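Given the structure of chain A, go ahead and fit chain B onto it with the hints provided.
For reference, the chains in residue letters:
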Amino acid sequence: DTEVTQTPKHLVMGMTNKKSLKCEQHMGHRAMYWYKQKAKKPPELMFVYSYEKLSINESVPSRFSPECPNSSLLNLHLHALQPEDSALYLCASSQGARQPQHFGDGTRLSIL
Amino acid sequence: KQEVTQIPAALSVPEGENLVLNCSFTDSAIYNLQWFRQDPGKGLTSLLLIQSSQREQTSGRLNASLDKSSGRSTLYIAASQPGDSATYLCAVKDSLFNAGNMLTFGGGTRLMVKP
Numbered sequence: 002d003t004e005v006t007q008t009p010k011h012l013v014m015g016m017t018n019k020k021s022l023k024c025e026q027h028m029g030h031r032a033m034y035w036y037k038q039k040a041k042k043p044p045e046l047m048f049v050y051s052y053e054k055l056s057i058n059e060s061v062p063s064r065f066s067p068e069c070p071n072s073s074l075l076n077l078h079l080h081a082l083q084p085e086d087s088a089l090y091l092c093a094s095s096q097g098a099r100q101p102q103h104f105g106d107g108t109r110l111s112i113l
Numbered sequence: 014k015q016e017v018t019q020i021p022a023a024l025s026v027p028e029g030e031n032l033v034l035n036c037s038f039t040d041s042a043i044y045n046l047q048w049f050r051q052d053p054g055k056g057l058t059s060l061l062l063i064q065s066s067q068r069e070q071t072s073g074r075l076n077a078s079l080d081k082s083s084g085r086s087t088l089y090i091a092a093s094q095p096g097d098s099a100t101y102l103c104a105v106k107d108s109l110f111n112a113g114n115m116l117t118f119g120g121g122t123r124l125m126v127k128p
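Quick note, the sequences are listed as chains A and B, same order.
Quick note on numbering: the first sequence equals residues 2 to 113 in the working numbering.
Quick note on numbering: the second sequence equals residues 14 to 128 in the working numbering.
The following block holds chain A by itself, in its conformation from the complex:
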């Protein structure tokens, strides 16, 4: 069990669908992250939220839209995704830069 909870664990969607990924942590961490991981590759950073404000957007296409409604929640809204967007999407959180990042188990996303 991890302290960062991601839902759903698996998601299959068509290219015209709209769906959202959810991440939750109750460790009081003030930084939260979205990563994308393709098979047998390391995670790639997508977004960083610090104190509920978007601080880093790694040139991610606009079909991915992050949202941080409060300090414990992080969402990733998906719309009009492409088959190449199929991947494991990982959420992480940390107290600050000196502290380690804690990862959830991810959402396995498949685009048909």
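In short, the hints are calculated from the structure, not lab data.
Incorrect hints may have been included.
Said to hold, decoys possible - Derived DSS-like pairs: lysine-lysine, alpha-carbon spacing no greater than 25 Å straight-line:
#1 B:Lys14 x A:Lys39
#2 A:Lys10 x A:Lys41
#3 B:Lys55 x A:Lys37
#4 B:Lys55 x A:Lys41
#5 B:Lys81 x B:Lys14
#6 A:Lys10 x A:Lys37
#7 B:Lys55 x A:Lys10
#8 A:Lys54 x A:Lys20
#9 A:Lys41 x B:Lys14
#10 A:Lys39 x A:Lys10
#11 B:Lys127 x B:Lys55
#12 B:Lys55 x A:Lys39
#13 A:Lys54 x A:Lys37
#14 A:Lys23 x B:Lys55
#15 B:Lys127 x A:Lys41
#16 A:Lys54 x A:Lys41
#17 A:Lys42 x A:Lys23
#18 B:Lys127 x A:Lys37
#19 A:Lys20 x A:Lys39
#20 A:Lys23 x A:Lys10
#21 A:Lys37 x A:Lys19
#22 A:Lys23 x A:Lys37
#23 A:Lys54 x A:Lys19
#24 A:Lys10 x A:Lys20
#25 A:Lys23 x A:Lys39
#26 B:Lys14 x A:Lys20
#27 A:Lys23 x A:Lys41
#28 A:Lys10 x A:Lys42
#29 B:Lys127 x A:Lys42
#30 A:Lys42 x A:Lys54
#31 A:Lys20 x B:Lys55
#32 B:Lys81 x A:Lys39
Note that the structure is predicted; figures quoted are calculated from it, not measured.
Chain B in isolation, oriented as in the chain A frame:
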């Protein structure tokens, strides 16, 4: 731009062996380095975090060292067990004044420990 390399990409050892995983990085101006373990289809589990001012960290059978000047870190696993089979990733956080809280990951080492 920071680049992180892990060698070997895959490693298979018999149970009980001591082993070393290697991680190298190109820019020595790092803030800290973190070792993770990832089981298939799962998220990352943090194993050890070494701050730039530290030389090593230990947790149980794991020992991680850091030589910032040469751009290298090693993860030593003592008395390996089949349950240690996983992919091990190292990740570098650059100086606080560069790129915020970004981690740059190596490609990982896939470890298999055979009974």
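Against the structure, the hints:
1. B:Lys14 x A:Lys39: holds (21 Å)
2. A:Lys10 x A:Lys41: holds (19 Å)
3. B:Lys55 x A:Lys37: Measuring from Cα to Cα gives roughly 13 Å; hence the hint holds.
4. B:Lys55 x A:Lys41: Roughly 12 Å between the alpha carbons, so the hint for Lys55 (chain B) and Lys41 (chain A) holds.
5. B:Lys81 x B:Lys14: holds (16 Å)
6. A:Lys10 x A:Lys37: holds (14 Å)
7. B:Lys55 x A:Lys10: holds (10 Å)
8. A:Lys54 x A:Lys20: Judged against 25 Å, a Cα distance of about 22 Å means the pair holds.
9. A:Lys41 x B:Lys14: Judged against 25 Å, a Cα distance of about 22 Å means the pair holds.
10. A:Lys39 x A:Lys10: Answer holds: Lys39 (chain A) to Lys10 (chain A) is near 16 Å, not above 25 Å.
11. B:Lys127 x B:Lys55: At roughly 21 Å apart (the allowed maximum being 25 Å), Lys55 (chain B) and Lys127 (chain B) satisfy the hint.
12. B:Lys55 x A:Lys39: Between Lys55 (chain B) and Lys39 (chain A) the Cα gap is close to 12 Å, so the pair holds against 25 Å.
13. A:Lys54 x A:Lys37: holds (20 Å)
14. A:Lys23 x B:Lys55: The hint holds at about 16 Å.
15. B:Lys127 x A:Lys41: Holds, at about 21 Å.
16. A:Lys54 x A:Lys41: Violated, at roughly 31 Å.
17. A:Lys42 x A:Lys23: Roughly 23 Å separates the two Cα atoms, so the pair holds.
18. B:Lys127 x A:Lys37: violated (31 Å)
19. A:Lys20 x A:Lys39: At roughly 20 Å apart (the allowed maximum being 25 Å), Lys39 (chain A) and Lys20 (chain A) satisfy the hint.
20. A:Lys23 x A:Lys10: holds (10 Å)
21. A:Lys37 x A:Lys19: Distance ~18 Å between Lys37 (chain A) and Lys19 (chain A) Cα, so the pair holds.
22. A:Lys23 x A:Lys37: Cα-Cα ~14 Å, so holds.
23. A:Lys54 x A:Lys19: Holds: Lys54 (chain A) and Lys19 (chain A) sit about 23 Å apart, inside 25 Å.
24. A:Lys10 x A:Lys20: holds (13 Å)
25. A:Lys23 x A:Lys39: holds (19 Å)
26. B:Lys14 x A:Lys20: It is violated: about 34 Å lies between the C-alpha atoms, which goes past 25 Å.
27. A:Lys23 x A:Lys41: holds (24 Å)
28. A:Lys10 x A:Lys42: holds (19 Å)
29. B:Lys127 x A:Lys42: Judged against 25 Å, a Cα distance of about 24 Å means the pair holds.
30. A:Lys42 x A:Lys54: violated (28 Å)
31. A:Lys20 x B:Lys55: Roughly 21 Å separates the two Cα atoms, so the pair holds.
32. B:Lys81 x A:Lys39: violated (29 Å)
Violated hints, listed in ascending order, are 16, 18, 26, 30 and 32; each of the other numbered hints is respected by the structure.
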